[in-house]
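Sequences listed follow chains A and B, in order.
Residues 0 to 314 (numbering that gives the first Met the number 0) are what the first sequence spells out, left to right.
Residues 0 to 252 (numbering that gives the first Met the number 0) are what the second sequence spells out, left to right.
Hints may be right or wrong, so weigh each one.
On the chain A side, residues computed to face chain B include the following (Cβ under 10 Å) [unchecked claim]:
#1 Gly15
#2 Gln17
#3 Gly21
#4 Arg69
#5 Asp72
#6 Val80
#7 Trp174
Calculated pairs, DSS-like style, for lysine-lysine (alpha carbon to alpha carbon, straight line, at most 25 Å) [said to hold, decoys possible]:
#8 B:Lys162 - A:Lys129
#9 B:Lys196 - A:Lys140
#10 A:Lys129 - A:Lys140
#11 B:Lys83 - B:Lys196
If you are wondering where the hints come from, they were derived from the structure by calculation, not from laboratory data.
C-beta atoms are modelled at their ideal positions from N, C-alpha and C, and glycine is treated no differently.
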Amino acid sequence: MQALAVHDLVKTYRNGNQALKGVTLEVPEGDFVALLGPNGAGKTTLIGIVTSMVNRTSGSVRVFGHDLLREPDVAKALIGVVPQEVNLNQFDTVHNIVTTAAGFYGVGPRAARRRAQECLEQLQLWDRRKDSARNLSGGMKRRLMIARALMHRPRLLILDEPTAGVDIEIRRSMWEFLAALNESGTTIILTTHYLEEAEQLCRHVAIIDHGRIIEHDRMSRVLRRLKEQVLLLNLRDSVAQAPQLTGFPVRVTGEHEIEVVVGEGHDLNDLFAALEQAGLHVLSMRNRSNRLEELFFRLTSRAPGARPTAAEVMP
Amino acid sequence: MRLVGFYTLARKELVRVIRIWPQTILPPAITMTLYFVIFGGLIGRRIGEMGGFDYMQYIAPGLIMMAVITNSYGNVVSSFFSAKIQRHLEEMLVAPMPNYIIVLGHAAGGAVRGMVVGLVVMLVALMFTELPMAYPLVMLSVFALTAIVFSLGGLINAILARKFDDVSIIPSFVLAPLTYLGGVFYSISLLPEFAQKLSLLNPILYMVNAFRYGMLGVSDISLWIAYSIILVFFAILYSTCLLLLRRGTGIRE
Numbered sequence: 000m001q002a003l004a005v006h007d008l009v010k011t012y013r014n015g016n017q018a019l020k021g022v023t024l025e026v027p028e029g030d031f032v033a034l035l036g037p038n039g040a041g042k043t044t045l046i047g048i049v050t051s052m053v054n055r056t057s058g059s060v061r062v063f064g065h066d067l068l069r070e071p072d073v074a075k076a077l078i079g080v081v082p083q084e085v086n087l088n089q090f091d092t093v094h095n096i097v098t099t100a101a102g103f104y105g106v107g108p109r110a111a112r113r114r115a116q117e118c119l120e121q122l123q124l125w126d127r128r129k130d131s132a133r134n135l136s137g138g139m140k141r142r143l144m145i146a147r148a149l150m151h152r153p154r155l156l157i158l159d160e161p162t163a164g165v166d167i168e169i170r171r172s173m174w175e176f177l178a179a180l181n182e183s184g185t186t187i188i189l190t191t192h193y194l195e196e197a198e199q200l201c202r203h204v205a206i207i208d209h210g211r212i213i214e215h216d217r218m219s220r221v222l223r224r225l226k227e228q229v230l231l232l233n234l235r236d237s238v239a240q241a242p243q244l245t246g247f248p249v250r251v252t253g254e255h256e257i258e259v260v261v262g263e264g265h266d267l268n269d270l271f272a273a274l275e276q277a278g279l280h281v282l283s284m285r286n287r288s289n290r291l292e293e294l295f296f297r298l299t300s301r302a303p304g305a306r307p308t309a310a311e312v313m314p
Numbered sequence: 000m001r002l003v004g005f006y007t008l009a010r011k012e013l014v015r016v017i018r019i020w021p022q023t024i025l026p027p028a029i030t031m032t033l034y035f036v037i038f039g040g041l042i043g044r045r046i047g048e049m050g051g052f053d054y055m056q057y058i059a060p061g062l063i064m065m066a067v068i069t070n071s072y073g074n075v076v077s078s079f080f081s082a083k084i085q086r087h088l089e090e091m092l093v094a095p096m097p098n099y100i101i102v103l104g105h106a107a108g109g110a111v112r113g114m115v116v117g118l119v120v121m122l123v124a125l126m127f128t129e130l131p132m133a134y135p136l137v138m139l140s141v142f143a144l145t146a147i148v149f150s151l152g153g154l155i156n157a158i159l160a161r162k163f164d165d166v167s168i169i170p171s172f173v174l175a176p177l178t179y180l181g182g183v184f185y186s187i188s189l190l191p192e193f194a195q196k197l198s199l200l201n202p203i204l205y206m207v208n209a210f211r212y213g214m215l216g217v218s219d220i221s222l223w224i225a226y227s228i229i230l231v232f233f234a235i236l237y238s239t240c241l242l243l244l245r246r247g248t249g250i251r252e
């Protein structure tokens, strides 16, 4: 069963901007998919159409087999959405916000109160239930939006940059929460600018650029397509010039640091053997860049040198 | 599901009215008290009778309707527009809430505020004069229908509004003049013939007069024409709300 099946989706805005140029995307039930793309690629438009916030120009959207136009009530009831921008009633209390949202999905007051306790406890907001949304921190507001989206127990959860502007500790706790939620059977589609987040959480990745899906595959397969890794090795002894490592291009990047490229046909065991042979003692090692980030830049035709796109990768 | 959605939305609107009662209930009560003191007490004594009733009694139904109209309209326009600006309107739009429930839920919230304020003004009026109830069912039905019609008007205004100025233009430049010229303070029989005919184009005249008929038993116009006009306005405004929501005007890309 496909949790989401989008076919030939086209969106042309009134100003003529064609944000989606025939997007087709299928997300199987139980999957955890990262939807990536640079700013303006069409991610938010795609999510907007799936969540009924944006009217499509043409194409179809089915949620667990239910057409969003023909059976909107059934399809919408299966989706939970956490939007990119904070859209809470700032003057309402945390408890009211989640119970009201549940009511909009037909959850009665008694069940809504019970679920509010469950969801707010899971997202560590139960102690703040009587506070107004405006008195919450940015991270708490993000968690409240997740709690709100889960009140009607959706089978498909769509999160549009849920961890933007959230500190690393909260971000990691949200990752754990989302991973557990997916384990329990909820299909999750996540857009994020933190590619590390996508690499860590998601089984599949879809990359959208200029209104088209340019890649959609298992995360591991996509990453395997990267034929080289660039590693930074921290050495015990200082190096004045690049040591000879047979089969591996090397560059000195610091007094105790070298950069080694592990290309196609080689693996880390080969590298360790070469290091041993050269008599180099390695204290630590790290990837020069996030692998998915590298791939992302390649697929979206952005040379790594042209990376003032920092805003596109990290908010 | 639909009943729960309607209940949730109407309750949310009502809770909002109660939570900010110093903004929603108190100001109209004070304003109307001033109207009764100035127009009814001070100026009214010099005017004498109108339509067979003392002036204070004559303007009481009009002032009550004025409060109902401005508050039911104002409630929906401010609630819906602020939900649009703060974007929490999206909660409703992504949920399986049919458009008619969104319309009726907001109309119910606005109508309840309009009627609560109308009752408060009625209580204020009772401190100044006696209020007969000639036809209670007429009073009640016109009271409720007017509140619903203007709630729908407020909803249309809020859906179309793009900036804060847009939510004050209609109340200031359309609603207020029509209300003041809608027979709140006078009988149109006092006007020259041309002005009388012009007044008949003002829908608020029919609502005020129908309510006055229910309370005092006197009216400048036929009750059935008044009911017809109110129901026609209800049908037009309700359909317009549904059309705008279906098209996503002002709320969806």
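Here is how each hint holds up against the structure:
1. Gly15: At about 14 Å, which exceeds the 10 Å cut-off, the nearest Cβ of chain B leaves the hint on A:Gly15 violated.
2. Gln17: Status violated, d = 13 Å.
3. Gly21: At 18 Å from the nearest chain B Cβ, A:Gly21 fails the 10 Å test, so the hint is violated.
4. Arg69: violated, 13 Å
5. Asp72: holds, 4 Å
6. Val80: holds, 5 Å
7. Trp174: Because about 24 Å separates A:Trp174 from the closest Cβ in chain B, which is outside the 10 Å limit, the hint is violated.
8. B:Lys162 - A:Lys129: Violated. B:Lys162 to A:Lys129 sits at ~31 Å, over the 25 Å cutoff.
9. B:Lys196 - A:Lys140: violated, 57 Å
10. A:Lys129 - A:Lys140: The hint holds at about 14 Å.
11. B:Lys83 - B:Lys196: Not OK: B:Lys83 and B:Lys196 at ~40 Å, beyond 25 Å, violated.
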